[in-house]
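Chemist: Construct the complete structure from the given sequences, taking the supplied hints into account.
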Amino acid sequence: MRIGSAVQYDRYGGFDVVDLVPQERPEPGPGEVVVEVVAAGLNHVERFLREGKLRDHIDLAFPAHQGVDFAGIVRARGAEVKDLKVGDEVMGHAPDGGAHATWVRVPRGAVIKKPEHVGWEVAGGLYLAGATAATIVRGLRLGPEDTVVISAAAGGVGHIECQLAHDAGATVIALGSPRNHDYLRQIGTLPVAYGEGEEDRIRQMAAGRAITAFIDNHGGGGAADLAKRLGVPSERLVTSEHRRDVELRFLRAPADDEEARDLLVMLAKAVQDRRVQVLISGFYPFEFIVDAYEDLAEMRSRGKVVIGMQTVETGARLDWYRSEKARDLRDRYGEQRGADTETMAGGSASPAS
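Numbering (the UniProt record's numbering), first residue to last: 1 to 353.
Do not take every clue at face value.
[Said to hold, decoys possible] Per label pair, the in silico range of CB-to-CB distance:
| hint | residue 1 | residue 2 | range |
| --- | --- | --- | --- |
| 1 | G169 | K269 | 46 to 56 Å |
| 2 | D256 | D59 | 16 to 26 Å |
| 3 | L84 | H117 | 12 to 22 Å |
| 4 | Q186 | R55 | 33 to 43 Å |
| 5 | E287 | Q186 | 28 to 38 Å |
| 6 | Q204 | D19 | 22 to 32 Å |
What the hints contain is simulated information worked out from the structure, not anything from laboratory work. Note that the Cβ used here is the ideal one computed from N, Cα and C, for glycine as well.
Modeler: Here it is as structure tokens:
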């Protein structure tokens, strides 16, 4: 029997409660598929769930398993599954978590076929951030007459919102740190720095256009007042609380949720057509998942942070492709990790087929 690994935790807490435990390959039940995971995304909301910050919204049964986004290869199927075969490449979500594992067993409805020209890393990190972003942008019904401000614009959800809003014809003013401004220009937005004077900078960037919508991905208060001063109608302000509720809705969406499935199909096509480009700023081997979450927890990563289960080892482990923040973490903790880390075998960011 093949043995893999899975992320598990038996109590609320930080990184110290996360364990990699042995996992036997599961057997599919009726209407289920077993997928060998190639790549899986990380999301802030999953960290908040593990830390116990969302107890009022989701009850966890321990031991709990982590991970909702994934892409991989079908290795077994239940008797009722006729439209997928062993060896098919798929992407989707784990309704009860568990995608941070060698294998994940999910109902057939939780996956779609992965388009040929959508890379594994992107496919593995698309579902939750993409469905959240698409739902929020669609709800605003943006068009060419709109100018929308999006905060935390370079984040996992924000950078997809920016591209979907731009694709709808809207002018996008992207609030973000100056270090992200070059990237934000590349995806068609007008970047503005946070901080004192941001209202004036937004008005200057708008160049006389009315600000018609505001999406707050940042939280921390102040967005509602800023939106009001900018003249944004209250019904076109998306608060960070609303964004959280949308994200939680898709975090635990059942496999037969047609909206979740349709959104993933739409997003995968948008990626394949190059109307949306998902930025992978950090790609980590599975056994470095705590490092990946440390990167994400710094709240400075552009785009998505993803883990890979089937990595090809080619070089020094410290030379893994990571985000700028991850490299900062490597430098900060390098002395603590010592010479042993420097001599470990490493790898590229390319998953094995």
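Chemist: Taking the hints in turn, state whether each one holds.
Modeler: Outcome of the hint check:
For G169 and K269, the Cβ-Cβ distance of about 19 Å falls outside the hinted range of 46 to 56 Å, so the restraint is violated. Against the hinted window of 16 to 26 Å, the Cβ-Cβ separation of D256 and D59 comes to about 21 Å, which satisfies the hint. The hinted range of 12 to 22 Å is satisfied by L84 and H117, whose Cβ atoms lie roughly 20 Å apart. The supplied range of 33 to 43 Å is met by Q186 and R55, whose beta-carbon atoms lie about 39 Å from each other.
The beta-carbon spacing between E287 and Q186, approximately 33 Å, falls within the hinted interval of 28 to 38 Å. At roughly 51 Å, the beta-carbon separation of Q204 and D19 lies outside the given 22 to 32 Å, and the hint is violated.
Hints 1, 6, counting from the list given before, are not met by this structure.
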